[in-house]
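Visitor: Single-letter residue listing:
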Amino acid sequence: AQSVTQLGSHVSVSEGALVLLRCNYSSSVPPYLFWYVQYPNQGLQLLLKYTTGATLVKGINGFEAEFKKSETSFHLTKPSAHMSDAAEYFCAVSDSGSSNTGKLIFGQGTTLQVKP
Amino acid sequence: DSGVTQTPKHLITATGQRVTLRCSPRSGDLSVYWYQQSLDQGLQFLIHYYNGEERAKGNILERFSAQQFPDLHSELNLSSLELGDSALYFCASSVGASARYNEQFFGPGTRLTVL
Chain A
1 AQSVTQLGSH VSVSEGALVL LRCNYSSSVP PYLFWYVQYP NQGLQLLLKY TTGATLVKGI
61 NGFEAEFKKS ETSFHLTKPS AHMSDAAEYF CAVSDSGSSN TGKLIFGQGT TLQVKP
Chain B
1 DSGVTQTPKH LITATGQRVT LRCSPRSGDL SVYWYQQSLD QGLQFLIHYY NGEERAKGNI
61 LERFSAQQFP DLHSELNLSS LELGDSALYF CASSVGASAR YNEQFFGPGT RLTVL
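Residue numbers (the working numbering), protein chains in the order written: chain A, 1 to 116; chain B, 1 to 115.
No lab work stands behind these hints: they were computed from the structure. Cβ coordinates follow ideal geometry from the N, Cα and C atoms, glycine included. Keep in mind that the hints are not guaranteed to be accurate.
Distance windows between CB atoms, simulated [said to hold, decoys possible]:
1. B:Q67 - A:E66: 39 to 45 Å
2. A:G97 - B:V95: 35 to 41 Å
3. B:R18 - A:G8: 24 to 30 Å
4. A:P116 - B:D40: 28 to 34 Å
5. B:G58 - A:L56: 26 to 32 Å
6. B:E75 - A:T72: 23 to 29 Å
7. A:P79 - B:R26: 17 to 23 Å
8. B:R111 - A:S9: 17 to 23 Å
9. B:S27 - A:N100: 40 to 46 Å
10. A:I60 - B:K57: 27 to 33 Å
11. B:G96 - A:P116: 27 to 33 Å
12. B:G42 - A:S12: 16 to 22 Å
13. A:T72 - B:G84: 27 to 33 Å
14. A:N61 - B:G84: 34 to 40 Å
Here's a subset of chain B near chain A, in silico, CB distances under 7 Å, partners left out [stated by the list, open to error]:
15. S38
16. F45
17. H48
18. G52
19. E54
20. A56
21. A97
22. S98
23. A99
24. R100
25. F106
26. G107
27. G109
28. R111
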């Protein structure tokens, strides 16, 4: 079975500081990994994804994540936080061994607070 | 706006009742996914339909059922409601079935409150 663990349910950074949101996964097959963002009272929006190939993936709004197989991690980073980045962030995994479904298994989420 | 429509936005009902949540996918999308978001369980996958066919089931209760109609819209039926069913229910759609090539676009959700 696949699972995702997000370390830290709340992360607080100052505007302009580095953002680091941690995600570790468990999967018996090579995983597909995703980061989603959820703004208050909205649905989820895809930030970036890793399926195969380059392990450093770039997404929208200046975010990037690196797939590290040896560490089973897929941490999300952004060099400089902006007030508009305040939201909840979800890491998710999907089974690469199945082409029948792209169901997502989500972590518990991390709320990012950005202080002025 | 993701292009995925969910109705109603809010639903308040009593324990023991039955409700139907509706999802219209983006134009051209054949896959519909249902997810439940609650404070204690987080975001959980419920069920996936592709072009009318059930493709995967998560920890969906027997009191819950879903279907995808020929026009590709989907309905999630929740019956014998309990307080613990109060949650935000999301629908997501994608063109195809696999996660590798098909981004899931999420609707705004239906907030269900069971009193």
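Visitor: Look at each hint and say if it fits the structure.
Guide: Hints, one by one, checked against the model:
Separation of Q67 (chain B) from E66 (chain A) is about 40 Å and conforms to the stated range, judged on CB atoms against 39 to 45 Å. Checking the proposed 35 to 41 Å range against G97 (chain A) and V95 (chain B) shows it is violated: the Cβ atoms sit about 20 Å from each other. Checked against the hint of 24 to 30 Å, the C-beta distance between R18 (chain B) and G8 (chain A) comes to roughly 39 Å, which is inconsistent with it. At about 32 Å, the beta-carbon gap between P116 (chain A) and D40 (chain B) stays in the expected band of 28 to 34 Å.
Between G58 (chain B) and L56 (chain A), the C-beta spacing of about 31 Å keeps the proposed range 26 to 32 Å intact. The given range of 23 to 29 Å is broken by E75 (chain B) and T72 (chain A), whose C-beta atoms sit roughly 38 Å from each other. For the hinted restraint 17 to 23 Å between P79 (chain A) and R26 (chain B), the CB-CB distance of approximately 33 Å leaves it violated. Take R111 (chain B) and S9 (chain A): their Cβ atoms lie about 21 Å apart, and the range 17 to 23 Å holds.
Between S27 (chain B) and N100 (chain A) the Cβ separation comes to about 23 Å, which falls outside the hinted range of 40 to 46 Å. Roughly 31 Å separates the CB atoms of I60 (chain A) and K57 (chain B), a value that falls within the hinted 27 to 33 Å. One distance hint, 27 to 33 Å for the beta-carbon pair G96 (chain B) and P116 (chain A), is violated here, with the actual separation near 43 Å. For G42 (chain B) paired with S12 (chain A), a C-beta distance near 21 Å keeps the hint of 16 to 22 Å intact.
In this structure, T72 (chain A) and G84 (chain B) meet the distance hint of 27 to 33 Å, their C-beta atoms being roughly 32 Å apart. Restraint check, N61 (chain A) to G84 (chain B): a C-beta distance of roughly 35 Å satisfies the suggested window 34 to 40 Å. The interface hint given for S38 (chain B) is broken, as the beta carbon of that residue sits about 11 Å from the closest beta carbon of chain A, more than 7 Å. With a least beta-carbon distance of about 5 Å to chain A, the hint placing F45 (chain B) at the interface is held under the 7 Å criterion.
Annotation: interface hint on H48 (chain B) holds; nearest CB of chain A at approximately 5 Å, less than 7 Å. The beta carbon of G52 (chain B) is not positioned within 7 Å of any beta carbon in chain A (closest approach about 14 Å), and the interface hint is therefore violated. Because the smallest distance between the Cβ of E54 (chain B) and any Cβ of chain A comes to about 10 Å, over 7 Å, the interface hint for this residue is violated. Against a cut-off of 7 Å between C-beta atoms, the interface hint on A56 (chain B) holds, since the closest Cβ of chain A lies about 4 Å away.
Taken as an interface hint, A97 (chain B) checks out: its beta carbon lies about 6 Å from the nearest beta carbon of chain A, inside 7 Å. Taken as an interface hint, S98 (chain B) checks out: its beta carbon lies about 4 Å from the nearest beta carbon of chain A, inside 7 Å. Interface restraint check: A99 (chain B) against chain A, minimum CB-CB distance 3 Å, threshold 7 Å, status holds. With a least beta-carbon distance of about 5 Å to chain A, the hint placing R100 (chain B) at the interface is held under the 7 Å criterion.
Checking F106 (chain B) against chain A by beta carbon gives a least distance of about 4 Å; that is within 7 Å, so the hint holds. Against a cut-off of 7 Å between C-beta atoms, the interface hint on G107 (chain B) holds, since the closest Cβ of chain A lies about 5 Å away. Taking 7 Å as the C-beta contact cut-off toward chain A, the hint placing G109 (chain B) at the interface holds, the least distance being around 6 Å. Violation of the interface hint for R111 (chain B) is found here, the shortest Cβ-Cβ separation to chain A being roughly 9 Å, above the 7 Å cut-off.
Going down the numbered hints, you'll see the structure goes against 2, 3, 6, 7, 9, 11, 15, 18, 19 and 28, while the others check out.
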